[in-house]
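S.K.: Chain by chain, the residues run as shown.
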Amino acid sequence: MARIELNNLAHRYAPGGEYALQPMQHVWEDGGAYALLGPSGCGKTTLLNIISGLVQPSEGQVLFDGVDVTHRSTEERNIGQVFQFPVVYDTMTVFQNLAFPLRNRKMAEDYVTRRVQQVAEMLSLTDVLNRRARNLTADAKQKISLGRGLVREDVSAVLFDEPLTVIDPHLKWQLRRKLREVHEQLNLTLVYVTHDQTEALTFADKVVVMLAGQVLQVGTPQELFERPAHTFVGYFIGSPGMNFMPCELSGNEALVDGERIAIDPATAVAASRSGGSLQLGIRPELARLAADGEPGLLLKVDQVEDLGEHQLVTGHFGSHQFHVRLDESEKINSDGLRLVFPVEHTLLYADEHLVGTGGAKHG
Amino acid sequence: MDKREYQWAWLMVLPVLVLVAFSAVIPLMTVVNYSLQDILGRSSFFVGSEWFKETLNNPRLQSALLRQFAFSFTILAIQIPLGIGIALLMPKRGWQASAVLILITMPLLVPWNVVGSIWQIFTRGDIGLAGFTIRELGYDYNITANAVDAWVTIIIMDIWHWTPLVALLCYSGLRSIPEAYFQAARIDRASKWATFRYIQLPKLTNVLVIAVLLRFMHSFMIYAEPFVLTGGGPGSSTTFLSQSLATMAIAQQDLGPSAAFSIIYFLIILAVSYVFYVTIMNMQKEKAAQQGAGGAE
Numbered sequence: 001m002a003r004i005e006l007n008n009l010a011h012r013y014a015p016g017g018e019y020a021l022q023p024m025q026h027v028w029e030d031g032g033a034y035a036l037l038g039p040s041g042c043g044k045t046t047l048l049n050i051i052s053g054l055v056q057p058s059e060g061q062v063l064f065d066g067v068d069v070t071h072r073s074t075e076e077r078n079i080g081q082v083f084q085f086p087v088v089y090d091t092m093t094v095f096q097n098l099a100f101p102l103r104n105r106k107m108a109e110d111y112v113t114r115r116v117q118q119v120a121e122m123l124s125l126t127d128v129l130n131r132r133a134r135n136l137t138a139d140a141k142q143k144i145s146l147g148r149g150l151v152r153e154d155v156s157a158v159l160f161d162e163p164l165t166v167i168d169p170h171l172k173w174q175l176r177r178k179l180r181e182v183h184e185q186l187n188l189t190l191v192y193v194t195h196d197q198t199e200a201l202t203f204a205d206k207v208v209v210m211l212a213g214q215v216l217q218v219g220t221p222q223e224l225f226e227r228p229a230h231t232f233v234g235y236f237i238g239s240p241g242m243n244f245m246p247c248e249l250s251g252n253e254a255l256v257d258g259e260r261i262a263i264d265p266a267t268a269v270a271a272s273r274s275g276g277s278l279q280l281g282i283r284p285e286l287a288r289l290a291a292d293g294e295p296g297l298l299l300k301v302d303q304v305e306d307l308g309e310h311q312l313v314t315g316h317f318g319s320h321q322f323h324v325r326l327d328e329s330e331k332i333n334s335d336g337l338r339l340v341f342p343v344e345h346t347l348l349y350a351d352e353h354l355v356g357t358g359g360a361k362h363g
Numbered sequence: 001m002d003k004r005e006y007q008w009a010w011l012m013v014l015p016v017l018v019l020v021a022f023s024a025v026i027p028l029m030t031v032v033n034y035s036l037q038d039i040l041g042r043s044s045f046f047v048g049s050e051w052f053k054e055t056l057n058n059p060r061l062q063s064a065l066l067r068q069f070a071f072s073f074t075i076l077a078i079q080i081p082l083g084i085g086i087a088l089l090m091p092k093r094g095w096q097a098s099a100v101l102i103l104i105t106m107p108l109l110v111p112w113n114v115v116g117s118i119w120q121i122f123t124r125g126d127i128g129l130a131g132f133t134i135r136e137l138g139y140d141y142n143i144t145a146n147a148v149d150a151w152v153t154i155i156i157m158d159i160w161h162w163t164p165l166v167a168l169l170c171y172s173g174l175r176s177i178p179e180a181y182f183q184a185a186r187i188d189r190a191s192k193w194a195t196f197r198y199i200q201l202p203k204l205t206n207v208l209v210i211a212v213l214l215r216f217m218h219s220f221m222i223y224a225e226p227f228v229l230t231g232g233g234p235g236s237s238t239t240f241l242s243q244s245l246a247t248m249a250i251a252q253q254d255l256g257p258s259a260a261f262s263i264i265y266f267l268i269i270l271a272v273s274y275v276f277y278v279t280i281m282n283m284q285k286e287k288a289a290q291q292g293a294g295g296a297e
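Protein sequence lines correspond, in order, to chains Y and G.
Heads up: the first sequence runs through residues 1 to 363, numbered per the numbering used here.
Heads up: the second sequence runs through residues 1 to 297, numbered per the numbering used here.
Honestly, the hints are just simulated from the structure, not real lab data.
From the three backbone atoms N, C-alpha and C, an ideal C-beta is built for every residue, glycine too.
Hints are not guaranteed to be accurate.
Using C-beta positions, here's what the derived DEER-type ranges look like [claimed, not checked]:
hint: 1; chain 1: G; residue 1: Pro178; chain 2: Y; residue 2: Thr137; range: 14 to 20 Å
hint: 2; chain 1: Y; residue 1: Glu109; chain 2: G; residue 2: Leu66; range: 46 to 52 Å
hint: 3; chain 1: G; residue 1: Ser172; chain 2: Y; residue 2: Arg114; range: 56 to 62 Å
hint: 4; chain 1: G; residue 1: Ser172; chain 2: Y; residue 2: Asp68; range: 57 to 63 Å
hint: 5; chain 1: G; residue 1: Ala97; chain 2: Y; residue 2: Pro240; range: 25 to 31 Å
hint: 6; chain 1: G; residue 1: Ala194; chain 2: Y; residue 2: Ala138; range: 44 to 50 Å
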């Protein structure tokens, strides 16, 4: 178990070429479950490979518990890794697979047996211990992969590279829950790469959102939801993503197509200082209907989708498309809805980046 | 009514049947026909299984058969491990990989007769590089007089000519193993040997089955190379089955016995290949069955 520090870390595949990873400075706490989330090609796998030691970063250091491991090989870093597709030793039994990392480290055989039993129990593999790994299902094989990391009690971190890609949908959920359980029991540092926001948000304590080699935000799922630090985070997380509309500032109000929307005063001050092109952002879930007699902004309704407990309204606010998610009990007037944007959830973005400390902090 | 639609479907396979008939069945049946008759000029009469009995009891052919098996197993025992070894050492990417691939493939492109000629000249005591050098070193190397020299030379020649095939097959097999397996092996601190034993070798099984089958069939039919190199000598020490057959059919014009011999020869190759194939497939099935039983315990 280890605290992972990325110290001024950056990587270019060719010297002088473009950054595959922009310079970054992060500390990932010991025992934390981190998800690296981003679209394909954003550099998340490169970052994972740097942590596992398969790729040497061109700049900066990787520290495990304060020890510089940048130039240490994968073997020396003592990590576990679960790959995109199951990697098991075909000719070995499940037991032999799990025992393999321990036997390679010349552990005493009675310890190996005991430890393998423990891990098998934890992963519900006890029934298949004596079977050959080759004939098992994909999810069982992924558990073996995971198990080979977990059998080492001193494993620094377990890395996951989109481990659920080949798993049947109904088993994904089970396996993810198993991961959570393991994490709670062992308090291991886990790093999980995925492009699926559901996986990231349900798995991780902290989600690292990446785009084009850059870390845009590190935060709890709630922080990412309520206060996306970058418009991309707003788009990418949530379904549908955050609403963004270009706006101008006028005192403590934002002007969107002539409509006035109240902004947190501190945010307004920060925004006026920051300059750049401003956008107003609000989550579809966090806008609400105006009460009777309450002033509101008029949304022209184009379409209403019934999502069971919720209904998703797609409409136009001035010239901008706008989504709002309402409780199924709300009556929707097809002429238009009057909406209120709560000040604490109305965020401003200058040149795609979140402005100031506006809005109340939650959680 | 439904049936009618399919009634003439077999006509569709007729072209293939005709092709197969001309390419395989008719020539084969001609040989079967000859093997049952005694042919003297234009007259012929039916002799039944006479030629088969004679062929099977012919001591010259029996010893050629033993020699043939000894040869095939020797070269398999050397070429398969050697081919795997070469494939493991070959560079994985870059221009070096291409260069090595081309170099390795060279011997495969040389026609059989030419291989025989090359080695015939190469091993001559007076002007051949190998023959001359070995003699200069003090060993009285002579493939026309010494049966052991002839044997060793033919085996080395075959290794030179055909190990590249095994190496190429294994190389392609090795290249198809996803990188993640090697990463996992490093993470698990597997030794080089363990990586080979538990990742590379199991992933090569299918390729190796093909390599063994091909090399067995090829070597069992070997003809031109030893024929050019040693002419089957000294004595008949390097006369393999093909050469015995050719002598019988062409030099002696014994059409009946050589037809019977051809059929026996063909059946042996077929039988060995079949047994080998079935054994390998059964081994895999047994493994699966054992796993099933293991799980139930």
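S.K.: Hint compliance check: list the failing hint numbers for this structure, sorted ascending.
M.R.: 3, 4, 5, 6
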